[in-house]
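Given chain A, put chain B in place with the hints provided.
2 protein chains.
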Amino acid sequence: MGARKRLSSSEPPSSSPPATNENTNTNTTAKPTITDPPIAPPKWGLLLKLSLFLLPYLYLLFHHYPIEPELRSSILINAGMSLAGLFVTVKMIPVASRYVQKRNLFGYDINKKGTPQGTVKVPESLGIVVGIVFLVVAILFQYFNFTADSNWLVEYNAALACICFMTLLGFVDDVLDVPWRVKLLLPSIAALPLLMAYAGHTTIVIPKPLVPHIGIEVLDLGWMYKLYMGLLAVFCTNSINIHAGINGLEVGQTVVIASAILIHNIMQIGASTDPEYKLAHAFSIYLAQPLLATSLALLSYNWYPSSVFVGDTYTYFAGMTMAVIGILGHFRYILTFICQYSSFGYPICVFGAN
Amino acid sequence: MGARKRLSSSEPPSSSPPATNENTNTNTTAKPTITDPPIAPPKWGLLLKLSLFLLPYLYLLFHHYPIEPELRSSILINAGMSLAGLFVTVKMIPVASRYVQKRNLFGYDINKKGTPQGTVKVPESLGIVVGIVFLVVAILFQYFNFTADSNWLVEYNAALACICFMTLLGFVDDVLDVPWRVKLLLPSIAALPLLMAYAGHTTIVIPKPLVPHIGIEVLDLGWMYKLYMGLLAVFCTNSINIHAGINGLEVGQTVVIASAILIHNIMQIGASTDPEYKLAHAFSIYLAQPLLATSLALLSYNWYPSSVFVGDTYTYFAGMTMAVIGILGHFRYILTFICQYSSFGYPICVFGAN
Chain A
1 MGARKRLSSS
11 EPPSSSPPAT
21 NENTNTNTTA
31 KPTITDPPIA
41 PPKWGLLLKL
51 SLFLLPYLYL
61 LFHHYPIEPE
71 LRSSILINAG
81 MSLAGLFVTV
91 KMIPVASRYV
101 QKRNLFGYDI
111 NKKGTPQGTV
121 KVPESLGIVV
131 GIVFLVVAIL
141 FQYFNFTADS
151 NWLVEYNAAL
161 ACICFMTLLG
171 FVDDVLDVPW
181 RVKLLLPSIA
191 ALPLLMAYAG
201 HTTIVIPKPL
211 VPHIGIEVLD
221 LGWMYKLYMG
231 LLAVFCTNSI
241 NIHAGINGLE
251 VGQTVVIASA
261 ILIHNIMQIG
271 ASTDPEYKLA
281 HAFSIYLAQP
291 LLATSLALLS
301 YNWYPSSVFV
311 GDTYTYFAGM
321 TMAVIGILGH
331 FRYILTFICQ
341 YSSFGYPICV
351 FGAN
Chain B
1 MGARKRLSSS
11 EPPSSSPPAT
21 NENTNTNTTA
31 KPTITDPPIA
41 PPKWGLLLKL
51 SLFLLPYLYL
61 LFHHYPIEPE
71 LRSSILINAG
81 MSLAGLFVTV
91 KMIPVASRYV
101 QKRNLFGYDI
111 NKKGTPQGTV
121 KVPESLGIVV
131 GIVFLVVAIL
141 FQYFNFTADS
151 NWLVEYNAAL
161 ACICFMTLLG
171 FVDDVLDVPW
181 RVKLLLPSIA
191 ALPLLMAYAG
201 HTTIVIPKPL
211 VPHIGIEVLD
221 LGWMYKLYMG
231 LLAVFCTNSI
241 NIHAGINGLE
251 VGQTVVIASA
261 ILIHNIMQIG
271 ASTDPEYKLA
281 HAFSIYLAQP
291 LLATSLALLS
301 YNWYPSSVFV
311 GDTYTYFAGM
321 TMAVIGILGH
331 FRYILTFICQ
341 YSSFGYPICV
351 FGAN
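Quick mapping for you: the protein sequence lines, in order, are chains A and B.
When you line the first sequence up against full-length UniProt numbering, it's residues 1 to 354, in that order.
When you line the second sequence up against full-length UniProt numbering, it's residues 1 to 354, in that order.
Next up, chain A with everything else stripped away, as it sits in the complex (with noise of 0.2 Å):
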């Protein structure tokens, strides 16, 4: 690109063309070479003891239930990807932590000020790894497991088209920082490709307490379904959002989510014998695996004391792709985000405390 010179932070402005002062990226008294210090390494004894929540699931998957050979390969193959994802991730993020200081995208830890580690800059929207990684992970795995013509490939595209457009606007929104009342709006429309797609059913199961008192165990929205989904892309979004501000717990809340989503769907697959309604949960696992072990790289550099931040994007990101998984995974049951309505109410009882 020849006829534009952009400033990066690194470099103080030439004399020519003479910047004015304001806004611009002075550089005084540091030389122009010294660098960022590194990152600190990831925390691999923490990624152990959190891959002991997978114990359960591996168990049901491999001894509990009686589960076809043919989608057992799938998952584990799913499964394999992965694990290369979050590998790839762990390699990433230290690169990609050093590019985006470079361009002004960190932050400090204020639960921290007064103390030394206060000021320290840590890099910001380290979730745009996450967000790439997953996509590549989740596209590729098409390969492996949908035949052209099959009308799973349908919703599959459309998760991918809403996830991606999500990180798209949520790494937007790091780096323009847009103000509250389009933030709010964001998720809406990333959620447009879902509702474009989706053509399941349109009942939701109430849950087994409130069946007394409302006097109806499926509740049929009709048309009102796909605005409670778009509601529900907002809600997840924001519930993992929300809850940004203590090392790890945007992250850390994905991790026992995704674990949970895993355990849900290997039961229901393990006690269905509706073969639809076994893919419809095999295709949740297809996207919660992959989820699950790329937030865990994230988790590793995350974690108290964090030496990187997740960002919009990644909340974004994340939140989103439980949406997806839930909605397309065509679970009924409206209590599985039990953990997001929970992150939600709670802060607001906190403000309302206040």
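Rather than coming from a laboratory, the hints here were simulated on the basis of the structure.
Treat the hints loosely; a few may be bogus.
As the list claims (entries may be wrong) - Chain A side only, calculated, beta carbon under 7 Å to chain B, not exhaustive:
1) P94
2) V95
3) Y99
4) R103
5) Q117
6) L153
7) A158
8) L160
9) A161
10) C164
11) F165
12) L176
13) M196
As the list claims (entries may be wrong) - Have a look at the derived ranges for each label pair, beta carbon to beta carbon:
14) I216/B to L47/A: 53 to 61 Å
15) L219/B to Y143/A: 39 to 47 Å
16) G270/B to S188/A: 46 to 54 Å
17) L83/B to A40/A: 47 to 55 Å
18) L221/A to P37/B: 30 to 38 Å
19) G270/A to Y277/B: 42 to 50 Å
Think of the CB as a built atom: it goes at the ideal place given N, C-alpha and C, for glycine as much as any other residue.
Below, chain B without anything else, positioned relative to chain A:
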């Protein structure tokens, strides 16, 4: 997000936490209240002139060929939505340009070095607005055309996933300035959804002047066709990108190529009796119309003298969209991208001469 504080470029660093001087934004002389000047208004006259390109297209659509009323009304609905996209883009570019300037995403026009215009900070990466508006128009259009069980929906969603992924990677490139060896890989990564969903023929038509030399009219590439598609995506994106530097050239060539694609499609639809062939070309039109409309909106700001720059976001987005239009529209004429071949060849000649 309570636990972090991010420096925005428009505010000086606070005394606590004490930022080091390196790589932070200091603001010593200018008042913090001074904002960047607004960009010049859009060139509506230019838009009117360029819309003359569309006259042959409209003539062919309405008068020359007897096109089925249903197909024509789908095309017209798409055209109406594209027109709405044009106005939204024109409206959003000044808003977005304030945000990108705040985050130091701007450049200087080095062709105007030494003149007063050479010192103006021109906001960069405004292609992101075009990308987002295009995606919203293309997604919403599904509502008016596709039924959920349509085979086209698989490819349409794959196309959207591709374009969205490319826009994301382009914006990441703009913000983080990734090195060249990574830049070349990006379109291959973004083209993955397309390659996975592709289930069409694997033959290409040899251009007529070359037939006597090669001896065949149609060449079956077999599995190499997917490699060819991947390379076409790399080639299209880079042949739009490589011409950056002269005000309005990236967007200008896209407008010319998109108009040519539209005319080609309508001629193919008019001349054919095969319903599937017609649908393939209609598919191209549904993506080419929003591309043309949103690009025209950007051109009204990017035409000489540019008040915004488009960034790699736009060049990647436009290149990938045209690659997708060509591949999924099942053009078998490799010379469709003749403009792009020439834009690829010309700089090579220039580099060779120097």
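Which hints from the list above does the structure break, by number from lowest to highest?
-> Result: hints 1, 2, 5, 15, 16, 18 break, sorted rising.
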